[in-house]
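As you go down the protein sequences, you meet chains H and R in turn.
Using the numbering used here, the final residue of the first sequence is 114, and nothing's skipped along the way.
Using the numbering used here, the final residue of the second sequence is 922, and nothing's skipped along the way.
These are computed hints drawn from the structure, not numbers from a lab.
Just so it is clear, the structure is predicted and the values come from calculations on it, not from any experiment.
Certain hints may be false.
[Said to hold, decoys possible] Taking lysine to any residue pairs in the SDA-like style, the calculated list, with each CA pair at most 20 angstroms apart, reads:
id: 1; chain 1: R; residue 1: 817; chain 2: H; residue 2: 45
id: 2; chain 1: R; residue 1: 817; chain 2: H; residue 2: 41
id: 3; chain 1: H; residue 1: 54; chain 2: R; residue 2: 865
id: 4; chain 1: H; residue 1: 56; chain 2: R; residue 2: 910
id: 5; chain 1: R; residue 1: 865; chain 2: H; residue 2: 4
id: 6; chain 1: R; residue 1: 817; chain 2: H; residue 2: 43
Read off the chains here:
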Amino acid sequence: KNEVEQSPQNLTAQEGEFITINCSYSVGISALHWLQQHPGGGIVSLFMLSSGKKKHGRLIATINIQEKHSSLHITASHPRDSAVYICAAPLVDSGTSYGKLTFGQGTILTVHP
Amino acid sequence: NAGVTQTPKFQVLKTGQSMTLQCAQDMNHNSMYWYRQDPGMGLRLIYYSASEGTTDKGEVPNGYNVSRLNKREFSLRLESAAPSQTSVYFCASSLPTGAPTEAFFGQGTRLTVV
Numbered sequence: 002k003n004e005v006e007q008s009p010q011n012l013t014a015q016e017g018e019f020i021t022i023n024c025s026y027s028v029g030i031s032a033l034h035w036l037q038q039h040p041g042g043g044i045v046s047l048f049m050l051s052s053g054k055k056k057h058g059r060l061i062a063t064i065n066i067q068e069k070h071s072s073l074h075i076t077a078s079h080p081r082d083s084a085v086y087i088c089a090a091p092l093v094d095s096g097t098s099y100g101k102l103t104f105g106q107g108t109i110l111t112v113h114p
Numbered sequence: 809n810a811g812v813t814q815t816p817k818f819q820v821l822k823t824g825q826s827m828t829l830q831c832a833q834d835m836n837h838n839s840m841y842w843y844r845q846d847p848g849m850g851l852r853l854i855y856y857s858a859s860e861g862t863t864d865k866g867e868v869p870n871g872y873n874v875s876r877l878n879k880r881e882f883s884l885r886l887e888s889a890a891p892s893q894t895s896v897y898f899c900a901s902s903l904p905t906g907a908p909t910e911a912f913f914g915q916g917t918r919l920t921v922v
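Chain R with its partners taken away, still in its complex shape (with noise of 0.2 angstroms):
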């Protein structure tokens, strides 16, 4: 039962280089999400795909761009880092029917950008 699983679990980068968060579920779902947690403002969300080779834009995509390179994996890519993309990165997906469905996440990866 890997469920979602996310790697790298910790990182830290230098101000400038780029990296490429993994994510991969292995429940047959549709909808992947990358969300942000950041201490007194709750999770946000970045991109979501509802679907394979769909993506849009969350509450705060900028400086990120993500691929859905398949039905089960879902990146994020930070091109440039810099210090104000140090967060929790979580990973989440959702099964779409006509009524609200469970998300689950993975495990997160804490990031920080010097």
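Next comes chain H alone, as it looks inside the complex (with noise of 0.2 angstroms):
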């Protein structure tokens, strides 16, 4: 069983600095998962990255396969991006059922005006 390790766990910043959360994993993997939840919210997907680079607004989700990693940044960071930003993975035997994941425990950002 593969696992997802996240860090930190809980992260306070001011409004407009630039933040980066961590995600290891202990095996190889197809793809990793990135979810925010907001507070008494359902998830949502962010990013699903196989390889190198992706970019939304002001969100960066960047990932290497060698060295099993992956980083969430948020760049110019806002009260409204405070969620809790979970990583994730699929399950060594999801076999095509690429939901299966295992997940990471979150990290807690809130970000201050």
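From the two separate chains plus the hints, produce the assembled complex.
The following block contains the structure:
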């Protein structure tokens, strides 16, 4: 069973700061997901990436397959970015059910005005 | 764009009561999943259905049953609720292909068993 570890568990920032959340995993994976969950809310998929880098607005996700590491960056952070950010990877026995995911514990991000 | 819809959003049960959590998706996805989310533990897979007519156990299936009613709907049943089943439950769906695909999640069901 692959494991996914995130750091930090809690992160507090001032509005405008550059934020980095890290995710490492123990076995080879086919892809890695970054998800966002607002307090009391549902889970939204931000990125799914297998290699390199993806960008969407102020969010950037990178992955280094050889080092088994991924990062989520938020540029010019804003209070509305306050949420839990979760990385997840398909289970090693997922077959074609790529939604069978193993999750990190999440990073609680709070951005103050 | 409904995506994945879960009902109910909130529920309080007494120990020993039963209930069914409903999930429906309108994206024509083959695969559907039920996860539970507990503080400090991340989400864990309860059951999944790779396609209509099939279901399989995940990491934490004890105390639960599922039914894949049709391609759209995947329900989770608690036959005799226990306080340890207090959690937030998420349904998800994905379209199986030859490569990893995005998973879509519902808004969650917040269940308290007293």
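Check: Is residue 865 of chain R within 20 angstroms of residue 4 of chain H, Cα to Cα?
Finding: holds (19 angstroms)
Item checked: Hinted pair residue 817 of chain R and residue 45 of chain H, Cα distance within 20 angstroms -> holds (17 angstroms)
Check: Does the alpha-carbon distance linking residue 817 of chain R and residue 41 of chain H stay inside the 20 angstroms limit?
Finding: It holds: about 10 angstroms lies between the C-alpha atoms, which stays within 20 angstroms.
Next item on the list: For the pair supplied as a hint, residue 817 of chain R and residue 43 of chain H, confirm whether the alpha-carbon distance does not exceed 20 angstroms.
Entry: holds (10 angstroms)
Item checked: Given pair status - residue 865 of chain R, residue 54 of chain H, alpha carbons within 20 angstroms -> violated (34 angstroms)
Checklist line | Proposed proximity, residue 910 of chain R with residue 56 of chain H (alpha carbon, max 20 angstroms) | finding: It holds: about 16 angstroms lies between the C-alpha atoms, which stays within 20 angstroms.
The structure is inconsistent with hint 3 alone, although it conforms to all the rest.
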